Structures are given as structure tokens and as C-alpha cells.
Amino acid sequence: MNMISPEAAANSKRAWLKILARYKKPDRRRSAVELAITLIPFAMLWGLSSAAYSYGHWWGLILILPAAGFLVRIFMIQHDCGHGSFFANRYADDWIGRALGILTLTPYDCWRRAHATHHASAGNLDERGMGDIRTLTVAEYRQLSWRGRLAYRLYRHPLVMFGLGPIWLFIFEQRLPIGMMRGGLTPWVSSMTTNLGIAVAAAVLIWFVGPGAFLVVHLPIVILAGSAGIWLFYVQHQFEETEWAKDADWEFQHAALHGSSYYDLPPVLNWFTGNIGVHHVHHLSAKVPCYRLQEVLRDYPELRGIGRVTLLDSLRCVKLALWDENRRKLVSFREALAAA
2 MNMISPEAAA
12 NSKRAWLKIL
22 ARYKKPDRRR
32 SAVELAITLI
42 PFAMLWGLSS
52 AAYSYGHWWG
62 LILILPAAGF
72 LVRIFMIQHD
82 CGHGSFFANR
92 YADDWIGRAL
102 GILTLTPYDC
112 WRRAHATHHA
122 SAGNLDERGM
132 GDIRTLTVAE
142 YRQLSWRGRL
152 AYRLYRHPLV
162 MFGLGPIWLF
172 IFEQRLPIGM
182 MRGGLTPWVS
192 SMTTNLGIAV
202 AAAVLIWFVG
212 PGAFLVVHLP
222 IVILAGSAGI
232 WLFYVQHQFE
242 ETEWAKDADW
252 EFQHAALHGS
262 SYYDLPPVLN
272 WFTGNIGVHH
282 VHHLSAKVPC
292 YRLQEVLRDY
302 PELRGIGRVT
312 LLDSLRCVKL
322 ALWDENRRKL
332 VSFREALAAA
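As numbered in this note's numbering, residues 2 to 341 make up the sequence shown, in order.
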């Protein structure tokens, strides 16, 4: 992973919120095109995959892979809608986000509330809990019973985090407003209307292609896209150079810039992921539309040297599991044990 250059360190003190304000305005025509070139190919790939299954051309199910990529991109557009940055029109963004939530199996208003909490507290050790991947400090882990340690180890295991986790989250957990039961009527309305929309959409698709084709095509797409989504979210905050701080020492700009990674992906993956890898910029100003994030890096190349994680680097992030408050870094279970 790249070290922060002196130039990048100096520029980390710049008034980024003011600088990024000029990138907030979306091009609504561009937004409409981005929506169309994401939804239409997804629908076509889904239809071709189901046709391949129906006619016994199993090789055609390879199209499930790019379809999952487009579903990730659909979620990223929903994500921008949640920040009010896609069309910069609250009504349009909200209703497009709610409609896309049927495809992503994500109740839009519930997710938006939890995600806003994440943005307001990312990197704050005293504000962990909502919209985050559960992360314990070394001291907290040591205080657990053996059952608690086992449960945490299982939770952080890659097969659970990126395999069973997406299945549980997107197919089961999000059917109820988990963690928001006392949040008034909105979380319930969001969850139940999304569930109804999913049921209607599934019924229509099953009527057209049959239950076999629907399950063989749609479930793998959802699971693959969900795994990719959780992987992205993981790498964006669970990387070696990330920073966490107690509430008294937490500062928004510093936490955004140094607690979020710049996941430097190949161009094609940047496109499918809506440039969400430029995550430190996104946390600095969530109102910047996804298709303008690369503009920021182009105009301020010093940002490329802060929190940069390559595709190869990201594979090493999997072992990180605990925040060591003494060394101020994420460490593996093995490192925590060696330091005991």
C-alpha cells in the first residue's frame, strides 16, 4: 500500500468541503443516460440468461456474471439517490431510489437512514454500530468470553462475511427494519412496500419464465452482486492505513480523508462500481455524483496518494479484524495474540 507523500499530507489540510462544492452539481441529462445504460443492459442480460436456461443452453448462464455487475451499478445509483446527488431533486432521487430498491432487495428509506448515520460517524470509535461492519478493538475482544470470541471470529471469517453474509443481509435481514424497530412508521413502510414490490416483480417474472429459470438466474445474480457490494464496503474502511479515533479526537474532514480508502480499480471495474472506490472523496462530499468523482482525482491528483489500495493490496485486507488502540492500526487476530 502506498505511503502518504509529503505533498498529499500537506494538501490533506486543505478546505476540501469548499473545494468540492463545485463538483456537486449533476448533469441531469448525464444522470438519465447513466440510469438507462445500466437498467437496459441488466434487463437484457437477465432475459438472455433465463432464455438460455429455458432452452437448455446452460453455457448461456455465464451472462449471470455481467448481470451481477450491472446490479452492483444499480445499487450505486440507488446509493447516489440516497445522498440526493443523482438528479439533485429530492423527489426524483427518492422515488427512483425506492424503485431501484426492489431490484437490489434493499428498502431505500431504511438504508438511507442507516447510511446517513455511517457517514456522520465513520471512523468514530464511540459511534460504531449502525451501517458499519462490526469492528472491535483488541481490548474489547480480549474481554469477551470464549463464546463471544468464537462468534466474532466466525462473523469476520471471509466465508461468512462475503459468502453467507450477503445471503442473510439481502434476502432475509432487510425484509424487516432490523435496528430501526423504534424508528417510527417510516422504516416499516419502507420495508413492507419494498417487500410487496419484490413479491409483485417476482410473481410477474415467474409467470413469464417459470420458477426454475427465476431461481437459477436471479438468486445467483443477487448473491454475487451482494458479495461484491459487501467486499467494496469492507475494503473502503477495513484497510491497513485507515484511521479511527475517540469522539473527543474525531474530526469529520480528517476521518473522511484518512478513514476511507481510495480503491484504485481498473477502469472497467470503476464503471461497474460507480467509482465508489474513490471513497475518501465520497466521504468528504457525498453530494458529488458518482460520475464526477474521477474529475476530482483528475483535478487534484494529490488525492491519489491518500489511502490508496490496489486490487492486489485489497486481498491482504481480509486478515484485518481488530483495531489496536496502542498501535493505532487494524491488525489480524494473529497479530493481536502475538502482542498479548
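Read the hints as simulated data drawn from the structure, not as lab findings.
A quick note: this is a predicted structure, and the numbers were derived from the prediction, not measured.
Please note that the accuracy of each hint is not assured.
[What the hints assert, rightly or not] Within a straight-line C-alpha distance of at most 30 Å, the following computed DSS-like cross-link-like pairs (lysine-lysine) qualify:
| no. | residue 1 | residue 2 |
| --- | --- | --- |
| 1 | 247 | 320 |
| 2 | 19 | 288 |
| 3 | 19 | 247 |
| 4 | 26 | 288 |
| 5 | 330 | 247 |
| 6 | 25 | 320 |
| 7 | 288 | 247 |
| 8 | 320 | 330 |
[Stated by the list, open to error] Restraint ranges, calculated between C-beta atoms of paired labels, are given here:
| no. | residue 1 | residue 2 | range |
| --- | --- | --- | --- |
| 9 | 302 | 190 | 23 to 29 Å |
| 10 | 185 | 44 | 33 to 39 Å |
| 11 | 119 | 23 | 24 to 30 Å |
| 12 | 325 | 18 | 26 to 32 Å |
| 13 | 120 | 172 | 23 to 29 Å |
| 14 | 60 | 134 | 33 to 39 Å |
| 15 | 44 | 143 | 35 to 41 Å |
| 16 | 329 | 155 | 41 to 47 Å |
| 17 | 169 | 325 | 24 to 30 Å |
| 18 | 172 | 15 | 40 to 46 Å |
| 19 | 320 | 200 | 49 to 55 Å |
| 20 | 30 | 313 | 34 to 40 Å |
| 21 | 164 | 30 | 20 to 26 Å |
| 22 | 59 | 119 | 25 to 31 Å |
For glycine and all other residues, C-beta sits at the position ideal for the given N, C-alpha and C.
Comparing the hints with the structure gives:
no.	hint	verdict
1	247 to 320	holds (24 Å)
2	19 to 288	holds (12 Å)
3	19 to 247	holds (26 Å)
4	26 to 288	holds (8 Å)
5	330 to 247	holds (14 Å)
6	25 to 320	violated (36 Å)
7	288 to 247	holds (26 Å)
8	320 to 330	holds (13 Å)
9	302 to 190: 23 to 29 Å	violated (45 Å)
10	185 to 44: 33 to 39 Å	holds (35 Å)
11	119 to 23: 24 to 30 Å	holds (25 Å)
12	325 to 18: 26 to 32 Å	holds (30 Å)
13	120 to 172: 23 to 29 Å	holds (26 Å)
14	60 to 134: 33 to 39 Å	holds (36 Å)
15	44 to 143: 35 to 41 Å	violated (51 Å)
16	329 to 155: 41 to 47 Å	violated (27 Å)
17	169 to 325: 24 to 30 Å	holds (29 Å)
18	172 to 15: 40 to 46 Å	holds (43 Å)
19	320 to 200: 49 to 55 Å	violated (40 Å)
20	30 to 313: 34 to 40 Å	holds (37 Å)
21	164 to 30: 20 to 26 Å	violated (40 Å)
22	59 to 119: 25 to 31 Å	violated (40 Å)
The structure is inconsistent with the numbered hints 6, 9, 15, 16, 19, 21 and 22, although it conforms to all the rest.
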